[in-house]
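Novice: The residues making up each chain are set out below.
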Amino acid sequence: MGRRRRRRRVDPADAARALPEAIAALSQTLPAGPSPETFRRAKFDRPEAAPAFWRLLFCVLSPQLPDGASASFSPEAQVRSVKLALRTQGYPRRALAQLPDDGSQGGRELLLALAWLLAREPLPERLLAQNRVQLGDEMHVCECEALASPGPPAPSVEADGCVDIRHLQWLMGKLRFRWRNLMASQQEQCALLGKLLRRLQRENARLQAALEWRRRELVFWQWMDTVLDACPPEASQPTFLPRIPTPAAGALEPLVRELQALQGELREAVEARRAAWEAGVGGRGPEWSAARTALREAVGQDLAALRRACERGGSLAQPHGPRRLVRTEAGAPRGPGLRAPEVIEALRSREARLEVVLRRLQGQCRQELARLVGALPGLVWILPPGR
Amino acid sequence: MSIVTVQLGQCGNQIGFEVFDALFSDSHCPQGLCSKRENEAYQASCKERFFSEEENGVPIARAVLVDMEPKVINQTLSKAAHSGRWKYGQHSCFCQKQGSGNNWAYGYSVHGPRHEESIMNLIQKEVEKCDSLNGFLIIMSMAGGTGSGLGAFVTQNLQDRYSNSLKMNQIIWPYGTGEVIVQNYNSILTLSHLYRSSDALLIHENDAVHKICAKLMNIKQISFRDINQVLAHQLGSVFQPTYSGEGSFHYRRNPLGIDWQVRPPLSGLPMLGKMSLNKEFHFNTSIANLVILRGKDVHSAELGAFKDPALYTSWLEPVHAFSVWKTQRAFSKYEKSAALVSNSQFLVKPLDMIVGKAWNMFASKAYIHQYTKFGIEEEDFLDSFTLLEQVIASYCNLGF
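Line by line, the protein sequences give chains A and B. My numbering puts the first sequence at residues 225 to 611. My numbering puts the second sequence at residues 900 to 1299.
Just so you know, these hints were derived from the structure itself, not from any lab. Quick caveat: nothing in here was measured; it's all calculated off a predicted structure. Keep in mind that the hints are not guaranteed to be accurate.
What the hints assert, rightly or not - Distance condition first, Cα-Cα at most 30 Å in a straight line; then the derived DSSO-like pairs of lysine-lysine:
1. A:K398 / B:K1206
2. B:K1114 / B:K978
3. B:K1114 / A:K398
4. A:K419 / B:K1028
5. A:K419 / B:K1024
6. B:K1272 / B:K970
7. B:K1114 / A:K419
8. B:K1272 / B:K1114
9. B:K970 / A:K398
Make the full structure from the sequences, and use the hints.
Specialist: In structure tokens form, the structure reads like this:
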């Protein structure tokens, strides 16, 4: 039994709205997206639509520019850049290349170019992924920066115990200053969090628009067919493919022969060198080969040890920089990057080693304090509660 | 982190313009003697500190201009707009039609409270434009009427409203042979009030800058513009971005965060009586020194001489008192440049001189009525004298 096609009853008012809404959704996902009205004007090749579309294609085809940098490019530069980028990607229509550089014409051709780009790849999704808000769900794994900084200078202990009160007052001032800095930093953090929230809200809106677009794009493609029909037929369709010159039949033969001759020469030279070297060292005899084997073994062991050492601190010796936290399924195949349990394990063992060192230093401090206390009779020493 | 500048009076506004101009020119200087990326980081840092961005791309100085007369402010605004490279905000200035007549009390007791709301609103608007506020730079003269009296009032207000932000007052120390007869009164009132409410007083002496123009730069007819440009150059070389320690990866976020420790401790010390200043000091004892190096070979610069304990007071180790900031990026096309910001006994003599002259005038109650008329009583003068004598004594004590 076949599948029966069900005809959905479409309300004509909805049908009229469907296209502009689809275009609006698309526009929201694109940088510098024009309004649905501009799209309509472009279909009829109205000149006022052209600049908006040149700008749009420029932003879409050169995504590595930061926001607002496109303003520093003149309209002519933008037009040339767009033409070059499309040509590089293999855009077939010649009419676009022939549009004037001042960016005053070509709405319809540009609309076709946009549709071509949209058909080739999931453009809105790619752009959204590229421009996503950096959330700060990143952490540093390497500690190079922390190790490089020498830290605050250790407070010097006065041997004779006399402290100038002015020094204490100075320290108080310093403390107050640091406190105020802390408050200011916290205020800054609040302001930045607010800013981040607003950016996330804007990004959410764009993501929703992308979903809308995917739901409604059919009506857009139907409309694009009419746009294509509206174009005058292209005079001729020369291929844009570069011509690969076919080599003449006998052209390769001499090259192949020459190559073979050179290879032969190389082989002879190598063998002559090796024979000479063997003659030079071969005189040592059996001890030499024994030494050589021993050497090989030692090198092999060193290499293995190095490999193990690398693997142990191993994944943590990888490129530095922040890493994004990504959640995966429990049994999922391992992707690139580190796994949290490994990192945690490495950090735990490092923590354990540092704890040992800390205990040792604390013991030394205690001994020193006890010695100092012994030197001052009549002093009561109350230790802080132990952990 | 950003700095909001408050330009007060004729002096403050003229200097403020030169400062922003110097900062902008330097940050857009193509020959920085460093890599492109370094230059871009420097530019971005300078921009964040001193300028905000507008739609059409022209940077706007983070500044509030205040004066009781419109003439200087209008000149300043138009000079900035004329350059086409940066400008002041359209609504960032406050001025009135009537001046202060060099009367400190009028600026402090009349103009201040009367216009407090408007001025603080302007400042608040500027603060809100900052992602993160590091603090305020208040540029003012010490001995004028508007700049100094109103400046003291505004600084006090900033202390109340923005107690967590840092405030640095850039003060112009008047010529010794200045024309304003009550300039010493104004000076002591300004200094004593600022000492209580500001975090740092950065002082430039007109006489010293004048000497630089005459002797080092060989300018024949020295105008205020020349003086202001030298000042702006010095301030720029302090405030432009730097790295703070070895191996830092980012420009310092804290441009005003110099551990000034301005105040040598006041209380609890026995007063040593009025020091006779005939005693020659071998060293100008410091409580804090900051050296800022810019340009070529900064990393190999030899700074050992600054760490000599003899330079510093006995209860402070050089490592705590001496800081150095560096960057390879050259400043204002100078291949190498250095600036020293010093908190030391250097100003004791000039300060003592001003206090002495003011005291002599006060002893005969000359011109006091100008002040008492507007609410600055003799007690206020006496408080100021007491505070400044304490400051002088504390700085002198650094030598022990």
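Novice: Please write out, lowest number first, the hints stated earlier that are contradicted by the structure.
Specialist: Violated: hints 3, 7, 8, 9.
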